[in-house]
Amino acid sequence: MGRTLFSVDVGGTFTDVVMVRDGDIHVTKVPSNAAATHLPVIEGARRLGVQDAAVFNHASTKGLNAVLTRSLPKIGFVTTQGHRDMLDAGRCMRPMDNQTDARWHRPFGDAARPLVRRYLRRGIHERILATGAVLIGLDEAQARAELEILKRCGIQGLAICLINSFVNPAHEQALLALAREVFGPGFPVSASFQVGPRAKEYARASTTVIDVMMKLIYDDYAHVLDSQLRAAGFAGNLNFADCTAALIPWRDAVSAPHRILFAGPAAGAAACRGLGAAIGDGNLIGCDVGGTSTDVTVLVNGAPFINDSFEIEHDLLVNTLSTEVASVGAGGGSIVSVSPSGDLRVGPQSAGATPGPACYGRGGTRPTVTDACLLMGILDPDGFADGQIRLDAAAAGAAFDSLECRMSQAERVRFAWKIAQNNIAEEISRCALRHGLDTRDFSLMAFGAAGPMLLAGVLELVKARRLIVPPHPGLFSAIGLLSTDFVYANSRSQYLMLMPDTGPQLEAIFGALEAQLRERLNLGDAAAEVTIRRSFDGRLAGQSWETPFINVDPAALKARGPAALTDEFHAEYARRNGVSFAQIPVQAVTWRVQMIVATEKLAWRALPAGTGKPTPIGQRTLRHLDAEEITAPVYQRAALGAGDTIAGPALIIEPLATTLIIPRQVARIGTVGEIVITEAP
Amino acid sequence: MHNFPRPTTATVSSARTPVPGTCPECGAESLARYRVMSEGGWWLVVKCGQCLHSVSREPGPLLGAFVPLGAP
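So the sequence lines, in the order shown, correspond to chains A and B. Numbering follows the numbering used here, with no gaps: position 566 of the first sequence is 566. Position in the second sequence (first residue = 1) + 681 = the numbering used here.
Hint data in this document are derived by calculation from the structure and do not stem from the laboratory. Treat the hints with care, since some could be wrong.
Incomplete in silico selection of chain A near chain B, CB under 8 Å [unchecked claim]: (1) D110; (2) A111; (3) Y119; (4) I149; (5) R152; (6) C153.
Cβ atoms here follow ideal geometry from the backbone N, Cα and C, with glycine treated the same way.
Bound conformation, chain A alone (with noise of 0.2 Å):
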């Protein structure tokens, strides 16, 4: 008999809550409170008996979400004199889209909306050159001034980033001692060569603001969450996820946040990856499809692709390592709307959970993706979300009328449906180009509460081996925090050429890293369950871009010294890229170490046979799918069986989500109980 494990991804509508005990899955829904995030959580705890877990592993929008929408706290930031304005300055690059636009802004810049306004960005009279020599020192008296009138404004954390502090940062230590000083202890600080000593300035200062603001939004709300759920009778191991879902202890998590606040869809991600290793199939394209937007991971052989960086909003970036997932503002609650030219579009504007979909009946009077399905038959009015929502179709019908176009109330729902399809199969064939791949080599897993009624369309658009729609598709993400192991990390940025001779270099920098490693963690007795990985970020000579997370074998770099760095790094190239330039030299120039302590897992179980032709629990009228009504069987997911198969049209009803198979498809029930759908022979 396994351990009691729990799960929760905090969404922006739902709190999803999975709990896994003697091996069966059992999950929860729960409206999310923006105001007061922790009581969805322990409310899903509680309703599923929290008393007897092991774990409960934690997956949160929170941080995301108060980024884009500002609500931020008041924070300083204090950097080199004359390089303030980095902050609104970014990378300097413009989205391709906006190129000749005279009136684009940057999203985070003084002109918009600054994370940090501008007279709470103090400069600092000093200078590190890039070797690590001092040019100016640290003129001690300024910098006590400046904070000192950063503490009138009444500031409530401090981000400190100083040019060259990657290599060396006595200015910045100095800094940090001062700001205990003025600020007194306790007080959020945050220093650029704690946060993640990397190079190029302009990423580590937005990763150190972002880090600083994150203490401020998760150490309150961990702590009510901890203490709140040990009183729920909760004794077990409160763990956060981190951007690639790993697991880390949450008062480690809530020492560098930074790392904790894309979560939600890498934990997608380790979800696909759990479930294709279960069914043996590593080669996958992840489509969550929830309110807002549908996130598109892509997983080749098992793995999917971790970067060294993320953009929250376009070129504001967090330096942590990530898995890729890209986004397209298209899901359940995007909203239907007609351009001044008289195309009907969908998205990117979202209901979102406040006020939601027209059919909500919660003051919403714009049509949304989920009002098309409604009156296209797909949906229950009666069984949505479990029966915590009922539709209205009146509104719905009433919300695609007030459109002001000259299209049928039909071609309306119709046509949105359709758009809506072809903006999420846009994004995915996207996401495979972009890597050199097809995907006729891979399958669609359908998540996320709208992923199964979308996708079957899309499939169809993206010629795509099949569509796997996994077991309890509406909280797959959730499952997928039990599928991952606890991660620790450190890394620091060194510029250098991988020559046959720099192999003793190599050495002293990943021992050296390994090092810091043990010592922070003091692992003891469980040193010898740890599995350590090396990997550096790289790339070739002349670019100005890495490619991140080199894998780095010990026993291929002893036999073979740095050459067998730069075949991995070409290898890893061509494989993100689908081309190489094996003739030009590598220079490596972040260096990784990970400590790596596997955890007790989710182990998909196998579904028991079904008769092969499972029976209807009643039919349903399609609309708008074709020109002609159709009636389609529905079938109870919990009544198949392993090898049953559906030909479609067929709906299959679940709790909390809802599967469409289209006609010309067919719907085979997998060994685990995944239901497969390919184009019908």
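Following the hints, position chain B against chain A.
What follows is chain B alone, placed relative to chain A:
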């Protein structure tokens, strides 16, 4: 060809007119009105000399200090 004189000061600066009152952010009594060039063109601002918080900000002369020869 124009022949401008060399500047006689180490740095150039805009004349600042003191404004009575205290900064709502840091409480310092060092408000001043002056012209700044920022995104969107020239602005007439009232800023705190200590913390640089902008107390007010309104559009300034289109060309800043430059006065065209044909201007009235």
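Okay, the hints, checked on the actual structure:
no., hint, verdict
1, D110, "6 Å, holds"
2, A111, "4 Å, holds"
3, Y119, "4 Å, holds"
4, I149, "5 Å, holds"
5, R152, "4 Å, holds"
6, C153, "5 Å, holds"
Of the numbered hints listed earlier, not one is contradicted by the structure.
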